[in-house]
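Participant: What follows is each chain in one-letter form.
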Amino acid sequence: MVTHRPLGLALDHIDHGYTIGGTFTPVLDDISLTIAPGEFVALLGPSGCGKSTLLRLVAGLEPPRAGTIRAEGAPITGPGPDRIVMFQDPTLYPWRTVRGNVALGHDIAGRKDPESVDAAIELVGLKGFERAWPHQLSGGMAQRAALARALVNDPRVLILDEPLGKLDSLTRLTMQTELHRLWRDRGFTALMVTHDVEEALLLATRVVVFSPRPARIIGDLTIDLPPHRHRDDPRLLHLRKDILVQLGHSADW
Amino acid sequence: MTAPDATGRRLLPWAAGPAWFLAALVTWRWPDADDFPATNPLAALFLAVGLALLAAAALRRLSARAPWAIALGLGFTAWEIAQAKLLWLPRPFFGTPQDLLDVFLTDWKKLGDSLLHSLGLLAVGYGIGAGLGVAIGVGLGRSPHFRYWVRPLIRLVGPLPPVALLPLAFVLVPSGRLASEALLALAAGFPTTILTWSGVAAVDPAFYDVARTMGARTRFLVLRVALPAAMPQIFVGLFMGLGVSFATLVVAEMLGVKSGLGFYMQWAQGWAAYPNMYAALLVMSLMCTGLVTLLFKIRDRVLAWQKDGLKW
Ligand SMILES: Nc1ncnc2c1ncn2[C@@H]1O[C@H](COP(=O)(O)OP(=O)(O)OP(=O)(O)O)[C@@H](O)[C@H]1O
Ligand SMILES: [Mg+2]
Chain A
1 MVTHRPLGLA LDHIDHGYTI GGTFTPVLDD ISLTIAPGEF VALLGPSGCG
51 KSTLLRLVAG LEPPRAGTIR AEGAPITGPG PDRIVMFQDP TLYPWRTVRG
101 NVALGHDIAG RKDPESVDAA IELVGLKGFE RAWPHQLSGG MAQRAALARA
151 LVNDPRVLIL DEPLGKLDSL TRLTMQTELH RLWRDRGFTA LMVTHDVEEA
201 LLLATRVVVF SPRPARIIGD LTIDLPPHRH RDDPRLLHLR KDILVQLGHS
251 ADW
Chain B
1 MTAPDATGRR LLPWAAGPAW FLAALVTWRW PDADDFPATN PLAALFLAVG
51 LALLAAAALR RLSARAPWAI ALGLGFTAWE IAQAKLLWLP RPFFGTPQDL
101 LDVFLTDWKK LGDSLLHSLG LLAVGYGIGA GLGVAIGVGL GRSPHFRYWV
151 RPLIRLVGPL PPVALLPLAF VLVPSGRLAS EALLALAAGF PTTILTWSGV
201 AAVDPAFYDV ARTMGARTRF LVLRVALPAA MPQIFVGLFM GLGVSFATLV
251 VAEMLGVKSG LGFYMQWAQG WAAYPNMYAA LLVMSLMCTG LVTLLFKIRD
301 RVLAWQKDGL KW
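In order, the protein sequences belong to chains A and B. First residue of the first sequence? That's 1 in full-length UniProt numbering, and the numbers climb one at a time after it. First residue of the second sequence? That's 1 in full-length UniProt numbering, and the numbers climb one at a time after it.
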């Protein structure tokens, strides 16, 4: 399997917004963020603040209203297979089997690599469901299939929008471990939105905290912990409390 | 309750053969009320069907269809008695089973020829219309520029019943066959266009986003995302187009083509050959239902991923 060099990203004074029902709604407010190649950045923020929107801009699906996003110095003008997105909704193609969905990136690239498709399906624990149609999967299984569909592409940046949101706590722990292992083995840059502060602290090298909409960066912490972290680590518990306070919890909680 | 029920279900298939034997016996032994053709061949045919049904019962291939097989056998018996033996209804308009059989025995060549002509006309016209309909529908669904120029034309011409264009088409186009093919294409094309358009326009934009982030170009987005996503709607359009095509076909054959089942029927009417008309009607209905069945078979294959259970 070819492993590409990770990609560094630079977001420079990004503004964005949408017009909903005739009135302009600002969503992103002056976001500047530099992400080094190979970093694992977790994005935290209240629901509706603009996290998914930011990921869409980085993916190149929409241009920002103001500001520039560069990948390794070159401005991003559109989507590309070096930046693979796992969306918040699984959005599996109902007319493709699980296997066909996971192989989507290969089909687009005109590449045949059934082994890596099988490996990705096995990795997310869907072995035996290769021939199932998406409507025959549970919500969590569909999400894992979407994760496999993203992983087979060997991206230089992996963009994850609440990748494990629909999983039960046990499957979630397994998938967290797998994700962390993949990131270390393949060395891609990871950009992950999550609502779970503990998950962010377990996986990320850096946690960025956003304000409510329009999103501004209100916290940017480097997580200086060893790669094999334990969720009972007192340093981790301490950081968790800090972040929750930044997100608006009262300190005496 | 279950025991007699189960026995009934086991014995029922064996009653189908005898029902047809009864029809054969009545046809053969009971003298006809008038001088009808093909009475003995009809009895032989009923007998053959009865034997085939017995064999099917022995091979256990009949279970769900048994009630229908019995009802048909009894129905033919009743028809035979009412019309061939007692002549309850005025004769030329209401035929007997042997009249119908006689048409197939004596005129099968012309009937078969008409069927082939109709099928040929349909295949070309419907095929072109369906293909163009899908292509135009995709264009309307995806390209604002295409939509700007084509939508007004579709709105003007599409809702017009194709039959209304027949007289004009036969004058303008030198070959009646070509004119009919064009009208059939129009008949099939309009519903297919509209439903393909609606299907493509309704594709979840997130489906495009997924493919685009993996580097997909327009070609992939159209052929491998928009088309399969719109397929359920496209098949509704193809089905509706087939219906309009049938109607257009019959009228075109009656008015201009001078061949095919529609023409045969009109010719039969001109000669007051009512049994021939019934025979042509039967062939036509078998042709139409056969084509609809074919379309549904293709649909079931293409849309295997859908959970709906519509069964034709
Ligand atoms: N296509 C769109 N058109 C109009 N408004 C949009 C669109 N996409 C997002 N928004 C608006 O942008 C804001 C931010 O949405 P976004 O999906 O980025 O939130 P989020 O931080 O990902 O929230 P969540 O954690 O609930 O997923 C919301 O107020 C939403 O209404
Ligand atoms: Mg979101």
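Treat the hints with caution; some may be incorrect.
[Said to hold, decoys possible] Cut-off 25 Å, straight-line C-alpha distance, at most; resulting in silico cross-link-like pairs (DSS-like, lysine-lysine):
id: 1; chain 1: A; residue 1: Lys166; chain 2: B; residue 2: Lys307
id: 2; chain 1: A; residue 1: Lys127; chain 2: B; residue 2: Lys109
id: 3; chain 1: B; residue 1: Lys297; chain 2: B; residue 2: Lys307
id: 4; chain 1: A; residue 1: Lys127; chain 2: A; residue 2: Lys112
id: 5; chain 1: A; residue 1: Lys166; chain 2: A; residue 2: Lys112
id: 6; chain 1: B; residue 1: Lys109; chain 2: B; residue 2: Lys307
By construction, these hints were calculated from the structure, which means they are not laboratory data.
Participant: It remains to establish, for every hint, whether it holds in the given structure.
Facilitator: Now the hints, each set against the structure:
Of the pairs offered as hints, the one joining Lys166 of chain A and Lys307 of chain B holds, with about 23 Å between alpha carbons and a cut-off of 25 Å not exceeded. Under the criterion of a C-alpha separation no larger than 25 Å, the hint pairing Lys127 of chain A with Lys109 of chain B is inconsistent with the structure, at around 59 Å. Between the alpha carbons of Lys297 of chain B and Lys307 of chain B the distance comes to roughly 16 Å, so the proposed pair stays at or under 25 Å and holds. Restraint check: the Cα-Cα separation between Lys127 of chain A and Lys112 of chain A comes to about 19 Å, which is no more than 25 Å; the hinted pair holds.
The straight-line distance between the Cα atoms of Lys166 of chain A and Lys112 of chain A is roughly 31 Å, outside the 25 Å bound, and the hint therefore fails. A C-alpha spacing of about 44 Å is found between Lys109 of chain B and Lys307 of chain B, which places the hinted pair above 25 Å, so the restraint is violated.
Hint compliance for this structure: hints 2, 5, 6 are not met, and every other hint is.
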